[in-house]
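**Student:** Quick one: dock chain against chain with the hints and give me the complex.
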Amino acid sequence: MNKINVEDIKDEEKEIIISEDTIIFIKNSNLKIKYDIKNEVNIFECIIESSLDRELQTENNLKLNIFSVNSSIKEKINMKKSYTNLNYAYSTINNKNNKYEIDINHLENNITSKITNHGVCLKNNLNFTINTIVPNESFRIKTSQDSKIILLNDGVATIKPSLLVANDDIEANHSAYVGEFKSDDIFYLKTRGLNQNDAEKLLVKSFLLGSMDISFKERNIILEILKKYWR
Amino acid sequence: MDIEIKDLEVKIKDKTVLKGFNLNIKKDEIHVIMGPNGVGKSTLSKVIMGSSDYKVVKGDILVNKKSILNLTTDERARLGIFLQFQNPIDVEGVTNQEFLKMAINCRRETPIGLYDFIKELETNYKDLNFPKEMMHRSINQNFSGGEKKKNEIIQMKTLKPEFLILDELDSGLDIDSLKLVCENVLEYKKESKCSILLITHYSRILKYLKPDFIHIVTGCKVVKTGDYTLAQEIEEKGYKVFESSAKKQEEEKIYE
Chain A
1 MNKINVEDIK
11 DEEKEIIISE
21 DTIIFIKNSN
31 LKIKYDIKNE
41 VNIFECIIES
51 SLDRELQTEN
61 NLKLNIFSVN
71 SSIKEKINMK
81 KSYTNLNYAY
91 STINNKNNKY
101 EIDINHLENN
111 ITSKITNHGV
121 CLKNNLNFTI
131 NTIVPNESFR
141 IKTSQDSKII
151 LLNDGVATIK
161 PSLLVANDDI
171 EANHSAYVGE
181 FKSDDIFYLK
191 TRGLNQNDAE
201 KLLVKSFLLG
211 SMDISFKERN
221 IILEILKKYW
231 R
Chain B
1001 MDIEIKDLEV
1011 KIKDKTVLKG
1021 FNLNIKKDEI
1031 HVIMGPNGVG
1041 KSTLSKVIMG
1051 SSDYKVVKGD
1061 ILVNKKSILN
1071 LTTDERARLG
1081 IFLQFQNPID
1091 VEGVTNQEFL
1101 KMAINCRRET
1111 PIGLYDFIKE
1121 LETNYKDLNF
1131 PKEMMHRSIN
1141 QNFSGGEKKK
1151 NEIIQMKTLK
1161 PEFLILDELD
1171 SGLDIDSLKL
1181 VCENVLEYKK
1191 ESKCSILLIT
1201 HYSRILKYLK
1211 PDFIHIVTGC
1221 KVVKTGDYTL
1231 AQEIEEKGYK
1241 VFESSAKKQE
1251 EEKIYE
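So the sequence lines, in the order shown, correspond to chains A and B.
In terms of the numbering used here, the first sequence has 128 at position 128, counting the first letter as 1, and numbering is strictly consecutive.
Quick note: to get the numbering used here, add 1000 to the position in the second sequence (first position is 1).
Bound-form chain B, shown alone (with noise of 0.2 Å):
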């Protein structure tokens, strides 16, 4: 799945969240962007899946060159995009196996049969070293924040996204969890030749994904692209030093 992001702006109420916000995802391509806090990272997560809690009031996001603005975020999420959350709601009351197979069956003109349904949800957990029973607990009640994001990796290789949005996979997790979590999301990458958007503040999950490109946000919009060698610029550096380039570069394009 191709995703372009064109000269995004967007606002919540009337505070400006993006501006000039622009990304070019391609098929099989690992993305990666990095900020400090609050500077719309998350935001754009949310905003690419439709939620209702922000405007977008310039310009578009393409998903193999059709703009999906006008879609709703269940018809997104159906068109192939899943997003990972940083916090995952729980649902008492409801199992996961249900809950999955309804979102499964939402995306299919004939439900899925039981057999294969079961089969795959088995080989799923057992892929994230979760005991199959967990499948009857209910969705994230009680789990433990590293648990949350398994069962976020369960749903994503369940459901089969074309492209991923993986909202700060690595907190929560502990350093097995992690690169067990980072092979699992490899191989879909592998088999599904998805597309990869991750958020992220620390470089330490990039040395298991290797991304393509890192792109550094800040003042709502991204400043600066590069490669993996930028992931080391920042861990030596910080963030201040491109925020105050970017903040020079602006200064300089009102003065001319």
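Just chain A, same shape as in the assembly (with noise of 0.2 Å):
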């Protein structure tokens, strides 16, 4: 497995060429960047204390799992080439100002997509914008767009999921949710002894890797990075 190293770059332009199953770690950086991705690959990305501008673009199946913290992203994805699919799943925790906007361009006929954004917000605001565009010249495109933001504390977030489909032929659908964790699933995790932090430990973890599809090895990676960040 290929990887990919960036810390403590500012203000810079780079182009990246992914053609095998890579694990990017990019950390206190501010950087404009394209991905050209050559084949079908894995990407497993972990993004921290930084702001991205990116672009990315491919011609095969591409599954993408992005863990964040503290960061702003602005994504631009481009799938260039029919029936491929699309597995991206974001998860990220944020005690500052974050944004995160991605565009999902569905560019050929037949392509699958498949968005969960997943975010827990400790404090001040965070705010997600996810646009899935099919335009008219592209058919029988099945898409799905999931977010979710949990509140701790003090936080504020917003969530604008759109759809702007310009076709009939189209599955389309969305999901998004603000809120606190349930108080029935808190109540079941205190009634086996654990106390609220530890309950909320928990079920930010389970939030936060549910919906990702990672190995043992990079699930450590991000507990790692909670224990740090976090808890």
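Derived by calculation from the structure, the hints in this document are not laboratory data.
No residue lacks a Cβ here, since even glycine has one placed at the ideal position from N, Cα and C.
Hints are supplied without guarantee of correctness; some may be wrong.
[What the hints assert, rightly or not] No farther apart than 20 Å at their CA atoms in a straight line, the calculated lysine to aspartate or glutamate pairs in the DMTMM-like style are these:
#1 A/Lys-182 / B/Glu-1092
#2 B/Lys-1011 / A/Glu-20
#3 A/Lys-182 / B/Asp-1053
[Said to hold, decoys possible] Which chain B residues stay away from chain A? Per the calculated CB distances, all over 12 Å, these:
#4 Asp-1028
#5 Gly-1038
#6 Arg-1076
#7 Asp-1127
**Tutor:** So, in structure tokens, the structure goes:
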């Protein structure tokens, strides 16, 4: 597996060609970046305390799992070939003002995309804008977006989900939720002896990891980051 | 563990859900609460566990003669009270194993050793006829109703409580699974001398658990207490006869 480390790089433009499964770490950086994806690949990415303006294009199936902490991301994904799939899972935990904006462009026919965005807002503002775009020329697209932000403490959050579809022959759906964990879930964990802190910790872990399709090793990387930046 | 519920009155918002509720459960006894839908049976289980949805406005709940009303839900659990849920939640992304380890360790001063923990868990999975690989699966995720109930009993056996509240343990279980689950509960009771409060609609589970007392609840309180023969009476006559006799008693009391 390929590994890319980007740390302390400010105001630079980069272009990366990815042709095999890759782990990417981006830390304390401010980047304008372009990913050109050449094969069917899995990408696992950790973005810490960074700001990213990214364009990603592919003509293949793509599985992208992104975990971020206190980062703002503006992303455009261009799906450029028919009969390809995109599985995109984004999980983030934030205590600063952060924005996450993503455009998913379906530029050919018969593309399937599944977009999942899960955020935990500890304080300040967290905003998600998710645009699923299907132009007039693209047929038989299947696309779904599911976005949730959990508020802990005093955070404020918004989600703007949009399906910008210019064609009839499309299956598109979206869901969005901003709120706290269900009190029944917290109660259940407490009946097993976990205090409020531990119950929240377990539910946050479940919420951030549950939607991602990652290996045991990648899961442990996220848990280490969570321990360092939260609990 | 001895449990005493004294003249308990409970409200949810402005609605009274339990009133004048009394119950005494001694160590090593099995008590059953039966009653029609919506009379407060499951409410009682959540009130004992300290759910913040309910407000105790009168009375007390004593455990070994000490009130637990000021304790939080997790403190009550660590004291040794275990509630088996009717519909346990599923937690995607957290395995049964890591959840149970966390739950055990919050009861201990030093964390449990990995070998002892896995050994204990493997035994409990085997006892419930559950593949041990299930411990690596997310909590209750994609489990059937019966598997969720078995998983609750695995949690119970692992956490070793002194007072069990079994809320409709029989629902969702086929006859073989019900028998297996009840055997496990009885075996645990024999080892631990724990006390049990079982909430159920139906008498079929009682032939396996053999309770010491059966209480009929209608109109927010216990209206009749008896032995196993009371369950047979319910099977024959239904709950309506007890509801009307309780209403009559209440009217006579007001008249006096």
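**Student:** Would you mind marking each hint as holding or not holding in the structure?
**Tutor:** To see whether the hints hold, each was checked on the structure:
1. For the hint pairing A/Lys-182 with B/Glu-1092, the CA-to-CA distance comes to about 14 Å; that is within 20 Å, so the pair holds.
2. About 61 Å separates the Cα atoms of B/Lys-1011 and A/Glu-20, which puts this hinted pair outside 20 Å; it is violated.
3. For the hint pairing A/Lys-182 with B/Asp-1053, the CA-to-CA distance comes to about 12 Å; that is within 20 Å, so the pair holds.
4. Against chain A, the non-interface label of B/Asp-1028 holds: every CB pair exceeds 12 Å, the least being about 23 Å.
5. For B/Gly-1038, the requirement that its beta carbon stay farther than 12 Å from each beta carbon of chain A is met, with the minimum near 19 Å.
6. The Cβ of B/Arg-1076 does not lie farther than 12 Å from every Cβ of chain A; its closest approach is about 8 Å, which violates its non-interface assignment.
7. Residue-level check passed: B/Asp-1127 sits 19 Å from the nearest beta carbon of chain A, beyond 12 Å.
The structure is inconsistent with the numbered hints 2 and 6, although it conforms to all the rest.
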